[in-house]
Every structure is written in structure tokens, then in C-alpha cells.
Amino acid sequence: MVDQVTSVVKSRRLRELGVPAQNASLRYISNPFVANCLCYTSSVWGASSNCLPAYSTYDLLKLLPARLKIGTLQVEKGVDGYRVYYRMPVECDPHTFTEVSFSATSLIDALFSMVEYMLQCGEPLLVHRP
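Heads up, the sequence shown is in numbering that gives the first Met the number 0, so the first residue is 0 and it goes up one at a time.
Hints listed in this document are in silico derivations from the structure and should not be mistaken for laboratory results. Don't take every hint at face value.
Stated by the list, open to error - Ranges between beta-carbon positions, derived for each pair: (1) M87 x V7: 14 to 22 Å; (2) S6 x V74: 19 to 27 Å; (3) G17 x A65: 33 to 41 Å; (4) L67 x V7: 16 to 24 Å; (5) C91 x E15: 35 to 43 Å; (6) T95 x R12: 32 to 40 Å; (7) G121 x S100: 14 to 22 Å; (8) L125 x C91: 24 to 32 Å; (9) G17 x S100: 17 to 25 Å; (10) C120 x G80: 37 to 45 Å.
Stated by the list, open to error - Straight-line C-alpha distance at most 30 Å; calculated DSSO-like pairs for lysine-lysine: (11) K76 x K9; (12) K76 x K61; (13) K9 x K61.
Glycine is no exception: its CB is placed at the ideal position from the N, C-alpha and C atoms.
Go ahead and model the full structure; you've got the sequences and the hints to work with.
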């Protein structure tokens with residue numbers, strides 16, 4: 000599951016940037032016997048102070064709008080990993096394109112980079128506010 004869920008560090012970063020815990024389908028829970036124990040979300044774990052949201056690949060995809068004024072979300076799998084990007088036409092030449100793009104060996108890392116970028120730029124994401 001390591002390549003399908005944000006790490007503890009990245010989960011904390013998303014929380015710092017304002018992504019609500021309700022957008023995570025998993026939680027890291029404090030367990031004295033197992034480091035970074037992962038469990039599915041439930042109302043019992045959701046209210047606990049010893050839980051940290053763990054965002055899945057699907058959770059991050061749900062945060063990103065399919066279309067923005069800047070373009071359409073694209074996800075590609077290549078030989079060396081994944082690329083997540085928004086491709087957009089240049090205003091003065093509709094036949095020329097530019098893009099905001101992030102690549103990584105795992106899809107979760109590429110998606111995390113795009114979500115982090117969008118939040119830092121103030122772009123609207125599809126977050127569920129409590």
C-alpha cells in the first residue's frame with residue numbers, strides 16, 4: 000500500500016495546506032506495537048486525536064478538478080513512472096500549448112505534487128469542508 004497512500008510526512012503537509020481530514024479514506028493510528036499502522040476510516044477513528052489522515056490515490060484524484068480554465072487533467076503512465084498535468088492552450092495562439100506537469104515513479108507522488116502546487120497557487124480543489 001506504500002505506493003497507494005500518502006506518507007505520514009505528506010499527509011501532514013496536506014493537512015497544513017488545509018485539506019480536511021474528511022477527504023481521506025484511511026488513517027494512520029498510533030499503535031505502540033506497529034509503526035505507522037494504517038486503517039480504514041470509520042467514525043470511531045475519525046474523531047480520535049491519535050489519528051492522522053492518509054490520503055489514497057483515489058482521494059487525491061477526487062481533489063483535482065477534471066477541468067479548469069487552464070486545461071484538462073491528464074494522467075499518463077510511462078516507462079519510468081507517471082505524469083500528472085493540465086494541458087492548456089496559449090491565449091494568443093490556440094495551436095500552441097503549455098502545461099503544468101509533475102512526474103514521479105509512483106502515481107501517488109505525482110498526484111501529491113499537483114495537489115500541493117494547486118493549493119500553493121490558490122487554485123480551487125474539490126475539498127469537502129466540515
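Failing hints, ascending? Hints 1, 3, 4, 10 are the ones this structure does not satisfy, whereas the remaining hints hold.
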